[in-house]
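Undergrad: Read off the chains here:
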Amino acid sequence: MKLMRNLKRISALLLTVFVTLGLVQPAKAATPVTITIWSFGNVIEPWAITEYKKLHPEVTLQIKKGELDAHHQSLITAFLAKKTPDIAAVEVSYSGYFRSYPSYFEDLRKAPYNSATIEKDYLDWRWDQGVGYDGTVFGLPTDVGGMQVAYRVDLFKKHGLPTDRKAVGELWPTWEKFISTGQKYNSKLTTAEKDSCKKKKICYGFIDNAGTIYNAVLNQASAKYYENNNTKDGKLIYSTNPAVKKAFDTTTKALKANIGTRINSFTSDWNVGMNNGIFATILAPAWMMDYIKQQAPKTKGKWDIADLPGGGGNLGGSQLTIPKSAKNKTAAWEFMSWYLAPAQQLTIFKKYGLFPSASSLYDDAALKNYKDPFFNNAPVGAIYTAGALQLKPIFEGKKQRAIDNIFGQALSRVAIGKQTPAAAWQQALSEIKKSVG
Amino acid sequence: MNNKSPVSDASQTSGNSNGRRGRRTAAPSPWRADAQPGAPKKRKPSRRDESGSIRALNPGWGYVFTAPFFIMFLIFGLAPVVYSTYIAFFNWDPLELEHPFVGFDNFALLLDDGQFWMAVGNTFSIWFFSTIPAMIMSIGLAAILRNPNLKAATFWRTILLVPNITSVLAIAIIFGQLFGRDFGLINLMLDIFGFDRHIDWITEQIPSHIAIATMITWRWVGYNSLIFLAAMLAIPNELYESASLDGASKWQTFRYVTLPQLRNTITFVLIVGTIGGLQVFAEPLTLGGNFNGGDSRQFSTLTLFLYEQAFVNNKWGYAAAVGIMITLIVLVISAINFWLTRRIASEDSK
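These protein sequence lines are chains H and X, in that order.
Note that this note's numbering gives residue 444 to position 435 of the first sequence, counting from 1, and the numbers run on in steps of one.
Note that this note's numbering gives residue 265 to position 263 of the second sequence, counting from 1, and the numbers run on in steps of one.
These are calculated hints, taken from the structure and not from any lab test.
The C-beta atom is built at its ideal place from N, Cα and C for all residues, glycine as well.
Any given hint could be a false lead.
As the list claims (entries may be wrong) - Covered by chain X, per the in silico footprint, the following chain H stretches (three or more residues, Cβ under 8 Å):
no.: 1; stretch: 75–85
no.: 2; stretch: 274–285
no.: 3; stretch: 392–401
no.: 4; stretch: 405–418
Claimed, not checked - Pairs of lysine to aspartate or glutamate residues, derived as EDC-like cross-links and limited to a Cα-Cα distance of at most 20 Å, are as follows:
no.: 5; chain 1: H; residue 1: K443; chain 2: X; residue 2: D95
no.: 6; chain 1: H; residue 1: K203; chain 2: X; residue 2: D95
no.: 7; chain 1: H; residue 1: K207; chain 2: X; residue 2: D198
no.: 8; chain 1: H; residue 1: K92; chain 2: X; residue 2: D95
no.: 9; chain 1: H; residue 1: K207; chain 2: X; residue 2: D184
no.: 10; chain 1: H; residue 1: K244; chain 2: X; residue 2: D95
no.: 11; chain 1: H; residue 1: K203; chain 2: X; residue 2: D184
no.: 12; chain 1: H; residue 1: K359; chain 2: H; residue 2: D130
no.: 13; chain 1: H; residue 1: K442; chain 2: X; residue 2: D193
no.: 14; chain 1: H; residue 1: K241; chain 2: X; residue 2: D198
no.: 15; chain 1: H; residue 1: K427; chain 2: X; residue 2: D193
no.: 16; chain 1: H; residue 1: K208; chain 2: X; residue 2: D198
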């Protein structure tokens, strides 16, 4: 009996101890949370994941990376099924579509997000790309796809062109001069290189794909295919906007002048071309630098960056959004606001080349003085800043991407000689009319 | 006691001893004791007690056992088809809250759509390039595999299935590289044979169809040849014996004995191949890298066109209309197929 009584006392004591320990929680312990993120390309860089884990060990980031179009298509179905991720990346060309449907996203102006407090930190026209037709702020800007020209110093030297980046930038203040520089480069191709085209069908050229000129020229204008008439869908102006015809004509001129190697970006031929010096220039948004580094690491130090003809360009960029059906909105916002804060954007730029949309950085010495050894120590920070500041905001409308697609196909047909530029233009217009209106 | 299997019994047109009774039924199965001619109508207690077998169960159980399939079919097969048919009559943008009814407008637009007819033409062209050579190759392969003197026959028969179980994506990536314009192996081979220029297998229309057809053929030849092999092995040896007695050459034997017996199998392979071939999707998608089917839509197929309308242009109603048209086309082709082989078969038995 004495044993039983002691046992009871001991177990009561132990019970009390454990219950007390259980009730007294350490002050900082938080419930573990998993944030699901749907993204594409290099929007969410790996460094962010490891760094955020250090800061918030209870948060696990689950990232699903998709191919650009597939990602947005599955986002639409996710919205309908109400099974969305906590954070979704939306590319700029698609934001034209999603701005008509802001009801599927959290309005970041409202509490607890209060986006108005951080709005001043960001480049105004990049911020506007995350605003819906009714003023809802549905996304925050990540990077600026500021465009310049990445060129191969060694190949320029070989073919009689200047190599200093300032001199190179002065070669082509206009697109016409860019095309003629390309023709000059091609005329200086060695016999071996010209033979290679005839015999081995490996054709050397000035630029990887002259078709990329289209978007570069178009994005230098102040309006593209739509006009903001404060309605949900925007007003179609693709057939009347002279900037569109100008971009199309400049590109067809470049195609006819045969300055490109007709290799499409992001294909295996393109990687081969980069590695073997088949083309000497690429129209490079800031985020392209990382692709070049990854696909052609052996060409380190052989590249440099020069100014884009026409001054400044933009391609790509994205917004991070919180869908309405997200489960962990507060945790998602904490990550998002951290990741897109100016300090993190600067680190991401240095590591991965994504040019920050946080305009408060543009005066920062760290950005201005940053030099990239892969690109011959070019001051890429200063170069892309200058480009970004020259850009005018462009209104992206609802069927932006479909129209881009159709013009792209038209230019490809001109590139392979299947159609004359005039016929391709007419066909593109009628296809757009049928598809979009 | 009959030693032949009941199957061949039933297909013999020669009379059998039971015909004397005047019954025009098929030859009796040897194992049903009560079906022997002259057997009493009353059932003798048979050696096997059937009370525990399936036949003794309540027929309701039959429905229970087949229910899982039908439930799955209802949810994943029928319901989407009904939904698609419904939205084909609307202007359906997925994220919109309201969808205006447009009646047959989608269909009218479709029939007027040059891109749709291009897709139809491309699909049939690819079908032609893939089905006919594949059929010939399968029958040829099956004839080779039938040879009883073939060493390691099981190994060869197994290997034939490997292309079929390989991921379509992997195949498309590899073939995409093989057919590359500048560095692809096929063009390099053409160089060796003295061809003066590279064929652009992707941007030119007919070469792109041949490239896609090659992928499809590579995938299905093995599978189809195994089907033909099975059919060939079922051809009774008597026919071959009587052919050799008549002095037929190998080729004549093949042409007049083997091929006619394969008629049903050819029909089956043709119909299944048509249904699959008219819905080619993965190969053009991976070859082109996007949903257009090439910049001039040179290999845009029907299913690819449907996907493009649904998920690139966000026109679900229009895409549903395309889906219905695909079904109609497949039905028409299958009907023609069926009628054609019926006619040939009935001509045969005259």
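Undergrad: Give a verdict on every hint.
TA: Comparing the hints with the structure gives:
no.	hint	result
1	75–85	holds (count 3)
2	274–285	holds (count 4)
3	392–401	violated (count 0)
4	405–418	holds (count 6)
5	K443(H) / D95(X)	16 Å, holds
6	K203(H) / D95(X)	51 Å, violated
7	K207(H) / D198(X)	9 Å, holds
8	K92(H) / D95(X)	19 Å, holds
9	K207(H) / D184(X)	11 Å, holds
10	K244(H) / D95(X)	18 Å, holds
11	K203(H) / D184(X)	15 Å, holds
12	K359(H) / D130(H)	19 Å, holds
13	K442(H) / D193(X)	44 Å, violated
14	K241(H) / D198(X)	55 Å, violated
15	K427(H) / D193(X)	24 Å, violated
16	K208(H) / D198(X)	9 Å, holds
Of the numbered hints stated above, those contradicted by the structure are hints 3, 6, 13, 14, 15, listed in ascending order.
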